[in-house]
Structure formats: structure tokens, C-alpha cells
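Undergrad: Below, each chain spelled out in residue letters.
There are 2 protein chains.
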Amino acid sequence: MSALECPHSSQFTQTERTTPKRSRERVTYEREAAYQVLDEALFVDLAFVGPDGAPRVLPTFHVRVGDTLFVHGSTGSSMGLGGRDEFAVSATATIVDGLVFSKSWFHHSMNYRSVVVHANARLVTDEDERWEVFKALINRMAEGRADRSREANPKENAMSALLAIPLEEVSIKQRSGPPVEEPEDEDLPFANGVAPVSTVVAGRL
Amino acid sequence: MSALECPHSSQFTQTERTTPKRSRERVTYEREAAYQVLDEALFVDLAFVGPDGAPRVLPTFHVRVGDTLFVHGSTGSSMGLGGRDEFAVSATATIVDGLVFSKSWFHHSMNYRSVVVHANARLVTDEDERWEVFKALINRMAEGRADRSREANPKENAMSALLAIPLEEVSIKQRSGPPVEEPEDEDLPFANGVAPVSTVVAGRL
Chain X
1 MSALECPHSS QFTQTERTTP KRSRERVTYE REAAYQVLDE ALFVDLAFVG PDGAPRVLPT
61 FHVRVGDTLF VHGSTGSSMG LGGRDEFAVS ATATIVDGLV FSKSWFHHSM NYRSVVVHAN
121 ARLVTDEDER WEVFKALINR MAEGRADRSR EANPKENAMS ALLAIPLEEV SIKQRSGPPV
181 EEPEDEDLPF ANGVAPVSTV VAGRL
Chain G
1 MSALECPHSS QFTQTERTTP KRSRERVTYE REAAYQVLDE ALFVDLAFVG PDGAPRVLPT
61 FHVRVGDTLF VHGSTGSSMG LGGRDEFAVS ATATIVDGLV FSKSWFHHSM NYRSVVVHAN
121 ARLVTDEDER WEVFKALINR MAEGRADRSR EANPKENAMS ALLAIPLEEV SIKQRSGPPV
181 EEPEDEDLPF ANGVAPVSTV VAGRL
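Quick note, the sequences are listed as chains X and G, same order. Each step along the first sequence adds one to the number in the UniProt record's numbering, with nothing skipped, and position 106 is 106. Each step along the second sequence adds one to the number in the UniProt record's numbering, with nothing skipped, and position 172 is 172.
I should point out that these hints are in silico values taken from the structure, not numbers from a laboratory. Warning: the hint list may mix true and false statements.
Since the list gives no way to pick out one identical chain from another, each pair is judged satisfied if it fits inside one copy or across any two copies.
Stated by the list, open to error - In silico DSBU-like cross-links for lysine-lysine, where the CA-CA straight-line distance does not exceed 35 angstroms: (1) Lys135 x Lys21; (2) Lys21 x Lys155; (3) Lys155 x Lys135.
Kindly generate the complete structure, drawing on both the sequences and the hints.
TA: And the structure:
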């Protein structure tokens, strides 16, 4: 049975580092919900440990294909591959859905959906896989866009790097709904509610 | 002369880790431009190294006050403070301004403004400083909001943690303008251009 045929669980397996220390009620391990966020987000932030042992984080364009997250880099980038076959990364994508205004400072919050991935990333070297993923990256900008633009030539192809990040250790944290209010605050003369936040893309080509 | 009176440079000092390996023309060290992105972004992604040596990244709400970035955490969070006075972090904020559709796969891109910060973060313990920053966090959600909601009580105050991240080692990477086209692609029968992206907050309270 190939990886494509292998049925995956609808729930990610919870691990120590995907277990929150607080706000546990906001964290789940639902695969489809996490994939929806990854598919909607315009970029992911990718973190890794630099050669000096300090953390690095940078935004990258990404596409999810099945149970793998692919991020786009460059062969000359500072991602710290350094000839290694794989290396530890953490990636996150966040959609903000609203600003939550409570009657108390403490309960001000945001409505959001946020995915965090922990994994060992590998450099994609198989040419067929690279081609399929580059195509998927272009098609993510607009449906069918890969057929409405010129394919990469060998020189361009050689200038791009792809990292594959297996989606195995994943959590999704989210908040929705109205502000929380303490009973003693209900009568305070302050407005409360949610200001919706939306990200709009006008006119994909 | 206090820190507040100390005139800072309009340019951040470039370091090895804020020096890009490629796309150098997109990276600058302009303080005001970086601050504008941090002030506009709805969240930052904060990266640090976990106790297992692997990278962690998570979204946090933030506010910039002068030359310091403050991020909001919780006393029970997994930020890995572990009793340390300070620890290495990297933080990033990104605004996406457009999707860039080129006639070639290779020149598809995004218009964006992205700030990356490297620093040692410290836990804010001074009560006056904490109060001022919590107030600034609330006021960042809507102008004057701290005066239109109930202040934190001692119990609520004790449940919140603040990290201070000095804005000293900072870079800003940005792209704007139309797609790049290779001369040989100019006559290809494909549409090209930029699809504007905007994030809209409706009705702050």
C-alpha cells in the first residue's frame, strides 16, 4: 500500500510538545480542521535552530499536498540545511477571525485559528516530486494558474528549493464566539463584542 | 540620560544573521519601516528553542513601546522560561499586500512587508512597567480602549506574563510593485499583475 492509499487517522496523536500548559480547551488535534487552516493561510512561519544554537523564524509560501506541508525556499537561503538530510523545524499558520472586546482588560482576546507543526523537514530532491509541488504552489495562488503561465525552465528549477514537512505532530488552537465576561462586570457601562477581521484577496488571475 | 531620551539610530545595525544569503535587494534595516509593520500586524510569531533542543514557534499578541517589543504570554505557558532571566528568541511579523502573478511560474511572488527580530527576551517583573504595557496592549486593540474597560484586578494581573524583546537586531524584507517578467516572456498570452490583499477589521469598540 503506498503512502497515498494509507488511510490516516482523523486525529493527530497528541505529544508532550503539542500538549498545552493552559487554555487546554482551545487545543484540538483534528486533522481536517488543521488542514483547512493551512490551506487558507497565505504563508507559514517556519522556525529552526541556527548554527549558533539560537532560534530563527521566517515567513515562507507553502502548499499542503496530502499529509505533507511543503515550503518554498531557495538553494542559497539561510535555512541552515548545511548538507543535513533532515532537520527539526516548527511551522505555524494563523488566521485571525476577530478582535474580542470584553468589559474587562483581562478578557480581551482574539478569535483565531492557529496550527502548529513539529517535524523533521527534508529537502525534496526527487525531480518528479519537485515538479508536482511547484505546480501545486502555483495553483494555490489561483486555481489552474500553473496552466496559465510558463513552466519553470531548468535554470529556474535549479534555483528553487523545497522542504517537505510531514504532518504528523500537529495541533490546532482556536477561539471563537463572544467575549467572556465576569458576572460582576455584566452591568459595567462598557461596550463589548467582536470586531470581525477578514483578509480579502481581490482579483486573482 | 534615560533610555527614553537616548536618541536611537534610524538604521538597525546589520549582523551576520540579519544578512540575507540572497534577495539582498529586498532587505533593509530601516527602523521606522520595521516599526510600522510591527504596529500594523495583528500578531507576531515567536520562536524559541525548547528544552529538547528543537525549535518552537507560536503566535502571540504584541505591542511595541518605543524600542521594545512586548509579547503577551501566560505564567503557565510553554515558552520555556524555566526560571531563566533571559533567553534567545526570534520574532516575526508579516503583512501580505498582494499576490503577484507573473507570466512564468518562477516569477510568481507576493508583495509583503516582513520584519524579523533576533534578541534575548526577558520576563517583565516591574509592576509599573507591567501595568503600562498591559494598558498599551489593550489600547492597541482600539484607541483608548483601556479607559473603556475594567482594569485588571490583582488575581488577573498575576495570571499574565509579559516578555520584553529589545529591538536592536532587526531586519525588514519587502517586495512591492508589478511582477518581474523575462524579456522572452513578454509576448506570452498570459494575464499578469498583482491581486491586492488587505486585512480589514470591522468596527473596533
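Undergrad: Under a CA distance limit of 35 angstroms, which applies to Lys21 and Lys155: within one copy, between copies, both, or neither?
TA: Between copies only: 19 angstroms across, 48 angstroms inside.
Undergrad: Could you place Lys135 and Lys21 in one of the four classes (within, between, both, neither) given a Cα distance threshold of 35 angstroms?
TA: The answer is between: 25 angstroms across copies meets 35 angstroms, while 40 angstroms in one copy does not.
Undergrad: For the identical chains here, do Lys155 and Lys135 meet the 35 angstroms Cα criterion within one copy, between copies, both, or neither?
TA: So Lys155 and Lys135 pass the 35 angstroms test inside one copy only (16 angstroms; across, 53 angstroms).
Comparing the model with each numbered hint stated earlier shows that all of them hold.
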